[in-house]
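Each chain, letter by letter, is given below.
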Amino acid sequence: MATITTTRKNARATDARTDGPAKGGGSGAAAITVHRAPRKIGLRLGLLLGLLAGAVFAGFPVFWMLISSFKTNTEIFAYPPQIITQGFSFDAYLAVLNDPEEIRFFINSYIVALSVTALTVLFAIMAAYAFSRYEFRGKRVMNVIIIGTQAVPPIALIIPFFGLMVTLGLYNTYAGLILTYIVFTLPYAIIMMTAYFNTLPKELDEAVKVDGAGAWTALWRILVPISVPGIVSVAVYTFMISWNEYLFALTLTRTNDLRTVPVGIQLLIGQNSYEWNQMMAISIMGSIPVLLLFLIFQRYFIGGLTSGSVKS
Amino acid sequence: MTALRTGRTPSRFGSARLAAKSAPYGFVAPTAILLIALMVVPIILVIGYSVSDGAITTKNASFAGLTNYITLLTDPEFWNAALNTLVFTVSSVVAHLLIGLGFSLMLNSKLIGAVPRAVFRVIYILPWLFTAAIIAVLWRLLLDPQGVINYLLQSVHLTGSPIAWFGDPSSALLAVTVMNIWAGYPFFMISLLAGLQGVPADLYEAARVDGASGFQQFLNVTLPQLRPIIISMAMLDVLWTTQQFALIWLTTGGGPISVTEMLSTVTYKLAFTGFDFSAASASAVIVLVFSLIVAVFYVRSQRSES
Chain A
365 MATITTTRKN
375 ARATDARTDG
385 PAKGGGSGAA
395 AITVHRAPRK
405 IGLRLGLLLG
415 LLAGAVFAGF
425 PVFWMLISSF
435 KTNTEIFAYP
445 PQIITQGFSF
455 DAYLAVLNDP
465 EEIRFFINSY
475 IVALSVTALT
485 VLFAIMAAYA
495 FSRYEFRGKR
505 VMNVIIIGTQ
515 AVPPIALIIP
525 FFGLMVTLGL
535 YNTYAGLILT
545 YIVFTLPYAI
555 IMMTAYFNTL
565 PKELDEAVKV
575 DGAGAWTALW
585 RILVPISVPG
595 IVSVAVYTFM
605 ISWNEYLFAL
615 TLTRTNDLRT
625 VPVGIQLLIG
635 QNSYEWNQMM
645 AISIMGSIPV
655 LLLFLIFQRY
665 FIGGLTSGSV
675 KS
Chain B
366 MTALRTGRTP
376 SRFGSARLAA
386 KSAPYGFVAP
396 TAILLIALMV
406 VPIILVIGYS
416 VSDGAITTKN
426 ASFAGLTNYI
436 TLLTDPEFWN
446 AALNTLVFTV
456 SSVVAHLLIG
466 LGFSLMLNSK
476 LIGAVPRAVF
486 RVIYILPWLF
496 TAAIIAVLWR
506 LLLDPQGVIN
516 YLLQSVHLTG
526 SPIAWFGDPS
536 SALLAVTVMN
546 IWAGYPFFMI
556 SLLAGLQGVP
566 ADLYEAARVD
576 GASGFQQFLN
586 VTLPQLRPII
596 ISMAMLDVLW
606 TTQQFALIWL
616 TTGGGPISVT
626 EMLSTVTYKL
636 AFTGFDFSAA
646 SASAVIVLVF
656 SLIVAVFYVR
666 SQRSES
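Residue numbers (the working numbering), protein chains in the order written: chain A, 365 to 676; chain B, 366 to 671.
No wet-lab data here; the hints were simulated from the structure. Incorrect hints may have been included.
What the hints assert, rightly or not - Using 27 Å as the maximum straight-line C-alpha spacing, the simulated DSSO-like pairs for lysine-lysine come out as follows:
1. Lys386/B x Lys573/A
2. Lys404/A x Lys386/B
3. Lys566/A x Lys475/B
4. Lys503/A x Lys404/A
5. Lys503/A x Lys386/B
6. Lys503/A x Lys573/A
7. Lys634/B x Lys424/B
All chains, please: the whole structure from these sequences, using the hints.
Have a look at this one:
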């Protein structure tokens with residue numbers, strides 16, 4: 365497969381070599397030049413087929429979800445399955461939009477995800493500033509906790525969280541869910557944000573501090589405005605995680621007026637027993653915020669994500 | 366370093382020095398409080414629950430020693446779940462790696478233009494953007510006996526009669542694994558793509574001068590350069606996959622006849638359908654210990670790289 369990535373340069377390099385010192389493998393070089401053109405077309409064709417096969421694997425289920433959301437419930441299991449249905453129907457979407465309970469799931473998801481994002485970004489900026497610009501006692505310990513936290517399985521924490529939230533009176537509240545999510549999003553957000561701050565020269569904020577301003581001012585006036593790309597990637601990451609979370613949303617809420625979209629979809633399975641088109645419609649609607657965020661910010665986001673997760 | 370420097374400059378003012386010294390603590394305070402209250406404390410709690418009897422459900426839980434662990438570790442159901450988790454994790458991680466590597470190599474190719482490359486990249490990332498709850502519902506539709514995948518398999522004569530993928534004990538583990546593979550490879554792909562773009566071009570140049578073929582370049586340049594990413598991604602993926610809960614819970618729920626029971630679903634059922642929080646905690650601690658062992662290797666591999 366690496367052949368594919370390098371052939372163009374490869375071709376140029378060998379061409380340059382063949383007219384010069386064709387001493388070593390004269391015949392081999394000649395053979396290569398002869399086969400060059402058809403081989404390249406073959407490669408390109410193979411690559412295209414590979415890409416299309418990959419696109420079918422990745423995209424077909426999503427395509428089917430979209431198609432099914434516009435079908436009527438009887439059409440969904442029509443035999444043979446139809447791609448284009450008779451009436452392109454918005455009924456499923458209208459059913460979701462007209463159900464106050466399902467709208468509530470969306471409102472809850474927004475309340476939780478936006479609060480988590482705001483608080484995570486705030487705390488991550490502060491902590492990352494300390495990690496990037498200061499040496500302090502306990503830094504190593506905190507660092508270990510922050511990295512180690514990512515390895516702590518949610519399933520191992522769900523039981524003590526349940527116990528704690530009940531004890532603290534935070535069971536079945538927004539606050540309980542928001543606090544929970546912050547603990548899971550914050551460590552990685554700090555790692556991403558610290559990596560970002562580390563790329564900015566220390567002279568920037570030190571200059572302000574020499575002029576008599578405090579560290580707080582230096583952070584918010586100088587560093588934060590130029591760190592927008594890093595902050596955006598942290599925010600998008602945090603929003604996606606909290607919008608999509610299922611296990612804690614399921615366990616730490618009891619009543620439907622507090623449940624988020626992922627749990628709501630599950631309820632729909634139980635209640636309406638296989639209103640497939642509605643389930644696909646609410647799935648599409650429930651994915652739109654994340655899809656949009658990703659499409660708009662993918663450049664920032666992927667950069668931030670990879671710089672934080674893997675040192676290469 | 367900064368602390369030293371700022372500390373030295375206003376050495377005439379003791380208070381300024383103190384402020385500079387305490388400043389980092391102010392900045393990390395919210396994080397420290399949250400992580401201690403909701404990460405360190407819960408871990409201590411769950412360990413405490415696991416060596417007690419009647420945790421959460423009774424006011425005064427009694428100390429039970431290792432009873433919960435012994436009960437669990439002598440239960441064939443637990444070992445069944447552990448084995449399923451192993452099969453599920455190993456096949457998922459291997460497939461994630463292979464698909465992620467294949468897709469990232471294709472996307473990194475210079476043979477396709479920038480626009481198709483961007484389009485394919487977005488399509489390939491798609492599965493990763495959906496929440497597990499949605500993926501589970503979607504695959505239930507796709508793999509329904511009357512669903513589109515059964516139709517396609519029948520029309521190419523790969524199967525005679527429709528298969529109830531999630532309901533049939535012989536196919537359920539395969540079905541949840543395929544679903545998990547679909548849902549999880551994109552993060553691998555993104556990381557490997559970033560890694561590929563970071564491979565210095567002169568390494569390929571040097572390999573070519575030495576007469577390496579494309580495949581040899583892949584083996585001797587690309588793979589070694591990607592090695593650190595592959596290792597850390599594989600370890601992260603092992604962590605995530607062993608903990609996968611929602612996809613299983615919302616498709617098979619561990620069934621039929623426990624063929625897709627995982628450590629995560631066993632733990633959850635013990636706690637929230639059986640209300641045996643002590644046994645569930647013991648199970649949770651076992652998962653935790655396993656995860657921490659993997660994490661130690663992960664941190665080590667990260668350290669040795671930096």
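Hints, verified against the model:
1. Between the alpha carbons of Lys386/B and Lys573/A the distance comes to roughly 14 Å, so the proposed pair stays at or under 27 Å and holds.
2. Our distance criterion of 27 Å between C-alpha atoms is broken by Lys404/A and Lys386/B, whose separation comes to about 63 Å.
3. Proximity of Lys566/A to Lys475/B is assessed by CA-CA distance (about 38 Å); at most 27 Å being required, the pair is judged violated.
4. Between Lys503/A and Lys404/A, the direct Cα distance comes to roughly 54 Å. Violation of the 27 Å bound is thereby established for this hinted pair.
5. Among the hinted pairs, Lys503/A with Lys386/B is consistent with the structure: their alpha-carbon atoms are about 13 Å apart, no more than 27 Å.
6. The suggested pairing of Lys503/A with Lys573/A holds, with an alpha-carbon distance near 22 Å, which does not exceed 27 Å.
7. Pair hint Lys634/B plus Lys424/B holds up; C-alpha atoms about 22 Å apart against a cutoff of 27 Å.
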